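Enquirer: Chain by chain, the residues run as shown.
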Amino acid sequence: SQQGEEDPQALSIQEGENATMNCSYKTSINNLQWYRQNSGRGLVHLILIRSNEREKHSGRLRVTLDTSKKSSSLLITASRAADTASYFCATDPLNQFYFGTGTSLTVIP
Amino acid sequence: NAGVTQTPKFQVLKTGQSMTLQCAQDMNHNSMYWYRQDPGMGLRLIYYSASEGTTDKGEVPNGYNVSRLNKREFSLRLESAAPSQTSVYFCASRTTTGTGGGQPQHFGDGTRLSIL
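As they're listed, the protein sequences go chains A and B.
If you read the first sequence in this note's numbering, its first letter stands for residue 1, the second for the next number, and so on.
If you read the second sequence in this note's numbering, its first letter stands for residue 1, the second for the next number, and so on.
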């Protein structure tokens, strides 16, 4: 399987805390993307980081990429109850997408 | 602007029955994808269509067929449903034009399929 792994599988935090989730992937990449999935819904794109970038910010999101370790991390700062969702990393070599197994985040109000 | 629309939202089949899952996008995207999502497995690519008139196998194509009917529509067919195909099926689309690659996918809300 080309699927990546995400760690942790589940994470529960208090509102206002930061949440960090990690992704490891298997192939060489041009870019890596993070998606969010709310319960019962499709995935929504959050942020993309290219292979020549080490860090990228978008609002409360911070993504890092270490291509030598084939890993990425997503940090959500000052979490809110509305951030409760599953988060997936994805790579797309040769126009095929490979998603990680996901981190389920619960933010407790 | 509806984005990606999947029909039906729910379906229950008996083993051996056939059915077609429909997907349509109104964003003029050239690439479309079908995935299945199983607990603990994330999303796995079944088939994709890089452009109108082409289709290619993904990671788990066995037991499925697809048709890229036109630029907007991409259907997934189960010819003889099996209990192992019980899953949530997602359709996605994206443009592959523009510089730098990595255009994001846009997803429908899924079809929940149970096979008894």
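These are calculated hints, taken from the structure and not from any lab test.
Just so you know, not all the hints are guaranteed correct.
[Stated by the list, open to error] Computed spacing ranges between beta-carbons, pair by pair:
| id | chain 1 | residue 1 | chain 2 | residue 2 | range |
| --- | --- | --- | --- | --- | --- |
| 1 | A | R41 | B | T15 | 26 to 36 Å |
| 2 | B | L116 | A | L75 | 37 to 47 Å |
| 3 | A | L75 | B | M19 | 36 to 46 Å |
| 4 | A | S39 | B | S18 | 27 to 37 Å |
| 5 | A | D7 | B | D38 | 17 to 27 Å |
| 6 | A | T20 | B | T7 | 36 to 46 Å |
| 7 | B | S51 | A | G16 | 24 to 34 Å |
| 8 | A | L75 | B | S80 | 41 to 51 Å |
| 9 | A | T20 | B | P8 | 35 to 45 Å |
| 10 | A | G16 | B | N70 | 46 to 56 Å |
Bear in mind the structure is a predicted one, so any value in this text is a computation, not a measurement.
A virtual CB, placed ideally from N, CA and C, is assigned to each residue, including glycine.
Enquirer: Against each hint, give a clear statement of whether it holds in the structure.
Expert: These are the hints, each one checked on the structure:
no.: 1; hint: A:R41 x B:T15: 26 to 36 Å; result: holds, 29 Å
no.: 2; hint: B:L116 x A:L75: 37 to 47 Å; result: holds, 43 Å
no.: 3; hint: A:L75 x B:M19: 36 to 46 Å; result: holds, 42 Å
no.: 4; hint: A:S39 x B:S18: 27 to 37 Å; result: holds, 30 Å
no.: 5; hint: A:D7 x B:D38: 17 to 27 Å; result: holds, 19 Å
no.: 6; hint: A:T20 x B:T7: 36 to 46 Å; result: holds, 38 Å
no.: 7; hint: B:S51 x A:G16: 24 to 34 Å; result: violated, 46 Å
no.: 8; hint: A:L75 x B:S80: 41 to 51 Å; result: holds, 46 Å
no.: 9; hint: A:T20 x B:P8: 35 to 45 Å; result: holds, 38 Å
no.: 10; hint: A:G16 x B:N70: 46 to 56 Å; result: holds, 49 Å
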